[in-house]
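J.: Spelled out from the first residue to the last, the chains are:
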Amino acid sequence: MTGFIRYFFRALLLVAVQVYLLNKVPHLHRLVLPSLYFVFVLWLPFSMSRTGLLFTSFLLGLSVDYFSLTPGLHAAACVLIAYLRPYLITILMPRDTQEFQYPEPAVKAMQWAPYVVYILILSFVHHFYLTFLQWLSVGSFWSFLGKTLLGTLISFLLILTADLLFPRQQSYRTNTA
Amino acid sequence: MRNVLLFIRRYHTFLLFLLLQIISWWFLASFNRFHEARFLTAAQEVTGSINSRYDRVEDFFQLRAENERVHQLNDSLLQLLPANTLLVDTQQIEKEEITLDSVKRLRRYVYRPATVIYNTVNEEKNYFQIDRGSAQGIRENMAVLNSDGSAVGVIVFVSPNFAQAMSLLHVQQRVNAALKKTGDFGTLEWDGAHPDRLILKGIPKSLFLKIGDTVVTSTYSFNFPPGKMLGTVSALSTDKRTNFHVIEVKPAANFRNLQQVFVVENLQMDEQVNLNREARKRIEDPKNRKP
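As given, the protein sequences belong to chains S and L, one line each in that order.
Heads up, the first sequence is in my numbering, so the first residue is 41 and it goes up one at a time.
Heads up, the second sequence is in my numbering, so the first residue is 527 and it goes up one at a time.
Please keep in mind that the hints were generated in silico from the structure rather than gathered at the bench.
Keep in mind the model is a prediction, meaning the values are calculated, not measured.
Each residue gets a CB set at the ideal place from its N, CA and C atoms; glycine is no exception.
Just to be clear, a hint being listed does not mean it is correct.
Stated by the list, open to error - Now the stretches of chain L that chain S is said to cover, found in silico as 3 or more residues with beta-carbon under 8 Å:
#1 567 to 573
#2 718 to 732
Said to hold, decoys possible - Partial pick of chain S residues on the chain L-facing surface, computed with a CB cut under 10 Å:
#3 His67
#4 His69
#5 Ser89
#6 Arg90
#7 Ser97
#8 Gly101
#9 Leu102
#10 Phe107
#11 Gly112
#12 Ala117
#13 Val119
#14 Pro126
#15 Ser183
Given only the sequences and the hints, what does the whole structure look like? Please build it.
T.: Spelled out as structure tokens, the structure:
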């Protein structure tokens, strides 16, 4: 139950940061659109069922959508990364540790290299799909490419910063407890 | 039947994934085309109440700019007061019989004040939310003017207490614009590049233009009242392939600090739109075409 409350408040905080801070930063360049909210999907616990992952991500994306008035756009991208997440974790984590010692993906739980790859790939997929859906209605190929790459880079830096600034306290799970 | 159930059980995650994707696409497609989406009315009541709370804090940082705009508009209204002018001495005018009250005027535009509670400029499709909705008489396609009277957007979606407006900074926005000096009209658009650069299209090369010329809303616009400030010409170039100027316009409104706005209703809009549609139908319908 405490876990649920924690994730609920984390989602509220991330949506608020996205909607009231990152969506409103002064205009720097047309390709620069910082986005951080989807880190919620990356930080969901390992133990969550795949159905639960999909539904949670859909609701998260939809809540951002209703604020920025793009119904379905962020929801589609979030559902895609939630679908790919379990496959990526199985590839990146050593096979023999099916019993995860930490509750959710983090530097501590995955080591630096796999964690960075995990963030980079999922951020890229998120931005690629998001800008692709936008490109279908408006924009040129070069703005699509630039937005995808720059967006991935900015999100990657934002996520690492968030990781360093707010280390998530994770208890090491043992069999004795 | 058993095989179908087995299939669903085996691939239920993938099927759920597909289902959620299709729902998202459906939302997106229906919004892009008609500015409608499921649950948007209910969702807007929630986002609106949160946004209006947040806006109470944010407004403090824009008060100075807002004050100046309001003061300028007040100044221009004070110039119109009847007390500024003297009445003509009627005793010197020969009396004539006036059967029609030629002074009486019909009201065409109704102004309603509103507050912008959420706004972005970074996207290619920017919308802003205002704190008035259908319960306060706001309808779709009404024009939105800034507190100094310059045009900023058009209402596209209304719920009972809030409304969303499509900003001029929206790649699908088209506004009937005219040059104040000559009255030549064109279309004002945005290419999504920079919030300080709108594009005015359809002004022929034969027209002599200068940087700094004023662009206002045209009398042909259905939703915007005529003569409202849109911006000033900031850069001029010519496209060799066409017969038109390529005009960059600096918008009069600063879209980064919208606060108090007016929603303008054109009382004759329905009639104008209907007339337009009927006329088109009559001319273009093959049944009515004379051999």
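J.: Against this structure, judge whether each hint is valid.
T.: Here is how each hint holds up against the structure:
Only residues whose C-beta sits within less than 8 Å of a C-beta in chain S count toward coverage, and the stretch 567 to 573 of chain L has 4 of them, enough to reach three; the restraint holds. For the stretch 718 to 732 of chain L, the assignment as covered by chain S holds, since 4 residues bring a beta-carbon within under 8 Å of that chain's beta-carbons and 3 suffice. With a least beta-carbon distance of about 5 Å to chain L, the hint placing S:His67 at the interface is held under the 10 Å criterion. Hint status for S:His69: holds, given a least beta-carbon distance of 9 Å to chain L, under 10 Å.
Among the interface hints, the one on S:Ser89 holds; its C-beta lies about 9 Å from the nearest C-beta in chain L, closer than the 10 Å criterion. A distance limit of 10 Å between C-beta atoms decides the matter here; for S:Arg90 the minimum to chain L is near 5 Å, and the interface restraint holds. Because the smallest distance between the Cβ of S:Ser97 and any Cβ of chain L comes to about 8 Å, under 10 Å, the interface hint for this residue holds. Residue-level restraint check for S:Gly101 holds (minimum Cβ-Cβ distance to chain L is 8 Å; threshold 10 Å).
For S:Leu102, the interface hint holds, the least distance from its beta-carbon to any beta-carbon of chain L being 8 Å, beneath 10 Å. Interface hint status for S:Phe107: upheld, as the beta-carbon distance to the closest one in chain L is roughly 5 Å, under 10 Å. With a cut of 10 Å, the hint placing S:Gly112 at the interface with chain L holds, because the nearest CB-to-CB distance is about 3 Å. Interface restraint check: S:Ala117 against chain L, minimum CB-CB distance 9 Å, threshold 10 Å, status holds.
Because the beta carbon of S:Val119 sits about 5 Å from the nearest beta carbon in chain L, less than 10 Å, this interface hint is met. Using the Cβ-Cβ criterion of 10 Å, the hint placing S:Pro126 at the interface with chain L is satisfied: the shortest such distance is roughly 9 Å. The beta carbon of S:Ser183 is positioned within 10 Å of a beta carbon in chain L (closest approach about 8 Å), and the interface hint is therefore held.
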